[in-house]
Amino acid sequence: MSRVIKIFCVAILLTLLPVLLFCGPGLIASREPQEADWKAIKWPFPTDAWPEGRAFHCGREQCGTNVDLYIRPKAGFCDCYRGVTDDDDIDRVGDVVVLGQNYAPSAAGGNTTLIGLQGRARHFVVDAPGRTKLYAIGIALHRRCDAIVATAVSDSPIAGRAEDNVFKLLNSPEMKNWIEAQPQS
Amino acid sequence: MRLVGYNDLQGRSAYQPTIHRQGDRWFAYIGHHGGTDATPKPINPLNGQPEFNGTSIVDVTDPAHSVYVAHIPGQEGNYEQGGAQMVRVCDGTQLPHGDPNRVYMLRTFGGQAHEIWDVTKPAEPKLMVRLDGLNDTHKSWWECDTGIAYLVSGAPGWRTRRMTQVYDLSDPAHPLKIRDFGLPGQEPGSTGSVPTELHGPISTGPQGNRVYFGYGTNKGGVLQIVDRDKLLSGPKEPTPENLRYPVVGQLEMLPLNGAHTTYPLGKMPIAEFSREKLGSTRDFVMIVDEEILNECQEPRQMVWFADTTVETRPMIVSSYTASEASGNFCERGGRFGAHSSNESMAPVFYKKLAFISFFNAGVRAIDVRDPYHPREVGFFIPGITEATDKRCVKVGGEDRCKVAIQTNNVETDERGYIYIVDRANTGMHILELTGEPRAIAGLPPD
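In order, the protein sequence lines correspond to chains A and B. Under this note's numbering, the first residue of the first sequence is numbered 381, with each subsequent residue one higher. Under this note's numbering, the first residue of the second sequence is numbered 46, with each subsequent residue one higher.
If you are wondering where the hints come from, they were derived from the structure by calculation, not from laboratory data. Incorrect hints may appear among the rest.
Below 16 Å or equal to it, Euclidean Cα-Cα: the simulated EDC-like pairs (lysine to aspartate or glutamate) are [to be verified]:
#: 1; chain 1: B; residue 1: Lys396; chain 2: B; residue 2: Asp328
#: 2; chain 1: B; residue 1: Lys397; chain 2: B; residue 2: Glu421
#: 3; chain 1: B; residue 1: Lys439; chain 2: A; residue 2: Glu560
#: 4; chain 1: B; residue 1: Lys166; chain 2: B; residue 2: Asp69
#: 5; chain 1: A; residue 1: Lys556; chain 2: B; residue 2: Asp412
#: 6; chain 1: B; residue 1: Lys435; chain 2: B; residue 2: Glu388
Listing some non-contacts, in silico: residues in chain B with all C-beta distances to chain A over 12 Å [claimed, not checked]:
#: 7; residue: Glu169
#: 8; residue: Ser238
#: 9; residue: Pro309
#: 10; residue: Glu335
#: 11; residue: Gly428
#: 12; residue: Gly480
Source: prediction; values computed, not measured. From the three backbone atoms N, C-alpha and C, an ideal C-beta is built for every residue, glycine too.
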């Protein structure tokens with residue numbers, strides 16, 4: 381009996397192997413984050429001290445939740461010596477404040493390297509009376525004395541596929557080219 | 046304005062000049078940024094050694110024939126990451142507990158320390174004290190008559206790149222820490238967004254009892270007016286309440302501009318208001334922003350005059366900028382815009398003329414006798430030399446570079462000479478006034 385089962389399993393495997401070989405990578409890739417999931421949108425914030433940056437939206441189908449992502453340079457705003465090395469640096473140079481004054485970290489941050497720039501990322505919760513709670517990731521990178529800051533925001537915690545998609549876009553050649561073209565101090 | 050003399054400063058990128066009389070001689074102490082990618086350690090011709098940029102000491106007794114007497118190396122690192130940008134000098138005869146036979150120099154060491162040097166013999170400077178373990182030390186102020194120093198630093202635990210550490214340096218050999226100071230929200234343990242970082246303070250000493258702090262360089266400028274007595278003797282624990290305690294007034298500027306230099310002009314009679322029963326004499330602070338991006342890639346950084354007569358409600362009443370069209374400065378390369386003013390309050394120019402370094406537009410002489418109507422009365426733009434470094438912007442992802450003068454800082458002396466130094470390695474030009482501005486200063490006709 382056991383021999384029959386073994387033969388049956390081998391037969392199934394042999395039947396499926398070509399399918400896995402030809403389609404497997406595609407199936408896996410289709411679950412990976414894609415830059416194409418993001419759609420450019422208008423910079424939504426009023427004028428402040430810094431120049432407008434770029435804004436993107438990723439829908440529920442692509443990211444599992446609606447996520448907006450904002451990125452812009454802050455020339456001359458970074459510590460030339462240390463760069464972005466701790467969570468206070470994210471508070472100091474980051475852009476979560478554009479979402480509202482009342483924000484708090486929900487976890488300790490972590491180091492990150494994107495498009496060859498070192499920095500740090502941290503999750504926040506942004507609260508305001510009469511408004512849905514927002515979940516954000518504040519990201520700050522440094523290039524000599526300049527900061528590059530990005531903020532992802534959603535009405536749900538940004539994790540898994542959504543979070544991967546955020547970092548995938550920030551790490552893309554398109555973002556690298558755009559950041560390199562921005563004024564430097 | 047007329048060129049009197051020149052010194053190449055060994056081709057080093059220059060920041061703060063301080064002019065000091067020692068006996069019958071005059072010396073210019075010039076702080077430097079770090080070196081360049083091409084030349085991280087320029088040669089010091091005095092000893093033939095390559096040295097990281099630090100502090101130049103130049104005998105300017107005869108400004109037409111200045112003599113470079115010493116270079117004190119600074120911290121390793123190029124551009125803003127090295128050097129020794131800031132320098133102040135006090136006589137031991139004036140400091141309450143100084144050695145009357147000595148002259149002391151306070152400088153930054155890159156971003157990591159403040160140092161005190163004995164420069165009694167300017168050609169043989171000797172390191173006395175180093176206050177180490179800091180970040181981003183910068184544009185400090187030292188009251189020579191009391192020894193109180195407002196040291197601009199990034200201190201461990203503070204949430205801002207730069208804040209103030211107040212020290213008693215009346216005995217320069219034995220620094221005494223008085224307190225830390227900054228804007229509420231910058232102190233250790235605070236949360237949320239962090240207010241604009243400090244750039245530099247200027248104190249009027251015990252007589253004026255005010256310290257004017259400038260926050261922001263080219264963004265989010267804040268002028269903070271502080272009661273000096275309360276700052277020095279008030280509660281020192283850095284809590285939000287204690288940080289607010291000595292603050293008399295605060296002006297939040299347009300977020301597009303910073304407050305690099307906050308130079309108090311003090312009380313000034315306004316001729317137009319002379320028949321008014323109230324308010325004919327006004328109190329002013331001149332605020333100078335710093336342009337930090339090349340070729341006009343940010344909002345214009347310029348000069349603002351704040352009427353601080355009612356200190357709790359300071360208000361900007363006028364402004365000055367060099368005219369871009371007058372020299373097509375946005376296309377000349379490098380930075381165009383204001384950076385800093387002279388900080389000497391010697392009678393020769395005080396409340397009459399102010400001098401503003403304007404990068405590729407050179408230095409600008411402003412008639413400030415009526416701060417409601419500041420007026421340019423002279424300028425000088427040095428020529429570039431072989432040492433002048435290039436300045437680049439990104440065009441289509443590629444560097445496009447131009448060589449341009451970058452008049453970075455300016456200072457004056459009691460004799461009426463104006464010293465301008467260049468950020469792009471062109472050296473120091475010593476100027477004097479001619480014509481109308483000379484008459485305004487009350488200097489003998491040229």
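Structure-based check of each hint:
1. Annotation: proposed proximity of B/Lys396 to B/Asp328 holds, straight-line Cα distance about 11 Å (limit 16 Å).
2. As the CA atoms of B/Lys397 and B/Glu421 are separated by approximately 12 Å, the hinted pair is consistent with the 16 Å bound.
3. Restraint check for B/Lys439 and A/Glu560: satisfied, since their Cα atoms lie roughly 8 Å apart, inside the 16 Å limit.
4. With a CA separation close to 13 Å, the supplied pair B/Lys166 and B/Asp69 stays within the 16 Å bound.
5. At most 16 Å may separate the alpha-carbon atoms for a hinted pair to count; A/Lys556 and B/Asp412 exceed this at roughly 47 Å.
6. In summary, the hint linking B/Lys435 to B/Glu388 is not supported, as the alpha carbons are separated by about 28 Å, beyond the 16 Å threshold.
7. Listed as a non-interface residue, B/Glu169 keeps its Cβ farther than 12 Å from every Cβ of chain A; the least gap is roughly 30 Å.
8. Here B/Ser238 does not stay apart from chain A, with its beta-carbon only about 4 Å from theirs, under the 12 Å limit.
9. At roughly 25 Å from the closest C-beta of chain A, the C-beta of B/Pro309 stays outside 12 Å, upholding its exclusion from the interface.
10. Not every Cβ of chain A is farther than 12 Å from the Cβ of B/Glu335; the closest lies at roughly 9 Å, contradicting the non-interface assignment.
11. A cut-off of 12 Å between C-beta atoms confirms that B/Gly428 is not in contact with chain A; the least separation is 26 Å.
12. Look at B/Gly480: its CB is around 37 Å from the nearest CB on chain A, clear of 12 Å, so calling it non-interface holds up.
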